[in-house]
Structure formats: structure tokens, C-alpha cells
Amino acid sequence: MSKPQVLILTHAPWERPGRILDALETCGLEYTITSILKKPKADLPDFKDLAGLVLMGGPMGALDYDEYPGLKTESKLAKAAIVAGKPVLGVCLGHQIMATALGGKLRPGKAPEIGFGTVQRLENSHEFLPMWGKKATVLHWHNDCVTLPAGATPLAKSDLTKVQAFRFGSALGMQFHLEVTPALFDAWLSEKEMVKDLKKSDVARLREEYPEKDALIKPFASAVFEGFAARCSTHAKAMEEAKPKEKKIVIS
Numbered sequence: 001m002s003k004p005q006v007l008i009l010t011h012a013p014w015e016r017p018g019r020i021l022d023a024l025e026t027c028g029l030e031y032t033i034t035s036i037l038k039k040p041k042a043d044l045p046d047f048k049d050l051a052g053l054v055l056m057g058g059p060m061g062a063l064d065y066d067e068y069p070g071l072k073t074e075s076k077l078a079k080a081a082i083v084a085g086k087p088v089l090g091v092c093l094g095h096q097i098m099a100t101a102l103g104g105k106l107r108p109g110k111a112p113e114i115g116f117g118t119v120q121r122l123e124n125s126h127e128f129l130p131m132w133g134k135k136a137t138v139l140h141w142h143n144d145c146v147t148l149p150a151g152a153t154p155l156a157k158s159d160l161t162k163v164q165a166f167r168f169g170s171a172l173g174m175q176f177h178l179e180v181t182p183a184l185f186d187a188w189l190s191e192k193e194m195v196k197d198l199k200k201s202d203v204a205r206l207r208e209e210y211p212e213k214d215a216l217i218k219p220f221a222s223a224v225f226e227g228f229a230a231r232c233s234t235h236a237k238a239m240e241e242a243k244p245k246e247k248k249i250v251i252s
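Numbering-wise (the working numbering), the sequence shown opens with residue 1 and increments by one.
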């Protein structure tokens with residue numbers, strides 16, 4: 001058995017883990033970042049070595065299996081990790097992959113939800129998503145949405161999206177983005193795929209709003225990702241402790 005690590009699966013070059021890495025590195029956790037969209041049988045860390053799983057965002061649909069066969073592998077991997085009690089974090093597309101893997105339905109949203117907005121805390125919110133007030137500022141960037149899987153706990157909603165976050169066992173799904181650093185946000189606004197539905201004035205406004213909005217997002221992001229990293233660290237320690245102990249040979 002190799003050293004426990006967190007597996008991060010990406011779906012687009014600009015959809016990077018950002019602040020998630022800061023939290024993992026603070027906890028001293030090892031991680032692997034890769035994409036299996038086109039190569040579902042790619043070499044991945046052994047499942048038994050996973051201390052956690054992160055599914056990032058991307059422009060495709062969560063069920064676009066014909067074009068991206070790796071999505072089906074991700075769905076199976078997410079469900080297996082949750083069943084095994086491993087910490088799982090799904091962001092935007094990752095949230096949708098996780099939800100559909102657990103039986104939720106994928107649907108077009110009422111309208112595209114792009115830009116800075118708020119999510120509303122639900123009464124049954126959990127420590128996985130610590131919100132200090134009734135609402136929190138987040139970054140939205142999606143069209144599709146999901147229904148709540150049976151047995152999941154809804155954590156947050158918005159006016160356009162009923163399931164903005166949910167918890168299922170060891171897993172947290174978030175439709176919104178907390179991971180976006182200043183450098184990452186600049187990359188998003190420079191990426192044609194990300195801004196194809198926006199006017200130049202929309203892009204300029206988002207760029208202008210970012211510093212003020214991010215000052216509100218950053219402490220929320222830190223709490224969420226530090227909590228996830230702590231769960232991964234706890235799981236990694238349990239995995240290490242469960243390793244078979246080497247027998248000492250005493251020569252008399």
C-alpha cells in the first residue's frame with residue numbers, strides 16, 4: 001500500500017483546484033491531479049490508497065458519456081468512495097457527477113447562473129458547509145442543475161437553483177465556486193469557452209467586482225476547504241494505522 005493521497009480529477013485546463021490545494025498542502029496531504037475524460041482506463045492511484053476525492057468543474061454535461069467516456073468512470077468512482085466512507089468534494093460539474101451517481105436527476109437550469117451572487121443556508125446545514133449567516137456570497141457559473149439524491153441532506157439553495165449544495169455521508173457537493181483565486185479568475189475571463197455567453201460589459205463588470213466579492217468569499221472558502229482537508233487527513237491517518245504491521249525478526 002502506497003502513502004495515502006487525495007485524487008483530484010479535472011475536466012478543463014482552466015478549471016483548476018485553486019484554494020483547495022492550499023488547504024490540502026496546509027494539512028501536509030499528498031495529491032494527484034489528472035483528467036480521465038477521454039481515457040477512462042487511465043492509470044489512477046489504487047482505490048485503497050485514496051484519502052479523498054475531488055471532482056472539479058467543466059463545460060460538459062455530467063452525463064455526456066458518449067463524448068467523454070471518463071465521466072462514467074468518475075461516476076462509479078465517486079459512488080464507490082462515498083460507500084467506502086472516503087471524503088469526497090464535488091464542485092459544479094463535480095457536484096452534478098456526484099449527485100447523478102447517487103440517483104439525482106440532471107436538468108437544465110431555469111436560466112444560466114453566471115457571476116457573483118448568494119446562496120441561502122438551509123435549516124439543516126451541516127459543518128461540511130459552515131455558513132455564519134443566512135446567506136453567503138459565492139461565484140456561480142453553470143447552466144445545468146440537479147435534483148437532490150434520495151437520502152442526501154440539502155445544505156443551500158439560490159433563487160434559480162434549488163440544490164446549491166448537499167451532503168451525502170462523507171461527501172459534499174457544491175454547485176457554486178469557492179476555489180477561484182485572483183489568478184484563476186483572470187484565466188477564466190480570458191478563456192473563450194467561459195465567456196462565450198457574456199457581453200464584453202459583463203466581463204468588465206465581473207473583473208471590477210472580483211476584489212470586493214472575493215474578500216467575502218475567501219473566509220467561507222477557507223472554512224469549507226480546510227474542513228475537507230481535515231477529513232482527508234483523518235482518513236489518511238486511519239488508513240496508515242490500519243496497515244499490516246511488519247513483524248520484527250529477532251536473532252538470538
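Simulated from the structure, these hints should not be mistaken for laboratory data. Misleading hints may appear alongside valid ones.
[What the hints assert, rightly or not] If you anchor each label on the Cβ, the simulated ranges turn out as follows:
1) K162 / E209: 51 to 59 Å
2) E208 / A80: 19 to 27 Å
3) D186 / K3: 28 to 36 Å
4) T147 / K48: 43 to 51 Å
5) D64 / A84: 21 to 29 Å
6) L160 / S201: 16 to 24 Å
7) E67 / L184: 39 to 47 Å
8) N143 / K3: 35 to 43 Å
9) K243 / V203: 46 to 54 Å
[As the list claims (entries may be wrong)] Straight-line distance between alpha carbons at most 27 Å, and here's what the computed DSSO-like set of lysine-lysine pairs gives:
10) K134 / K3
11) K79 / K162
12) K72 / K134
13) K110 / K213
14) K76 / K162
15) K200 / K213
16) K79 / K134
17) K192 / K237
18) K38 / K192
19) K237 / K200
20) K134 / K48
21) K41 / K76
22) K76 / K3
23) K199 / K39
24) K157 / K213
25) K79 / K200
26) K38 / K135
27) K135 / K218
28) K110 / K157
29) K110 / K39
30) K196 / K237
31) K134 / K38
32) K79 / K196
33) K79 / K39
34) K218 / K76
35) K218 / K162
36) K79 / K237
37) K162 / K110
38) K134 / K76
39) K213 / K199
40) K72 / K135
Virtual Cβ for every residue (Gly too), placed ideally from N, Cα, C.
Margin query: Of the numbered hints stated earlier in the document, which are not met by this structure?
Written below: Violated hints (numbers, rising): 1, 2, 4, 7, 10, 12, 16, 17, 19, 20, 23, 25, 26, 29, 30, 31, 32, 34, 38, 40; every other hint is consistent with the structure.
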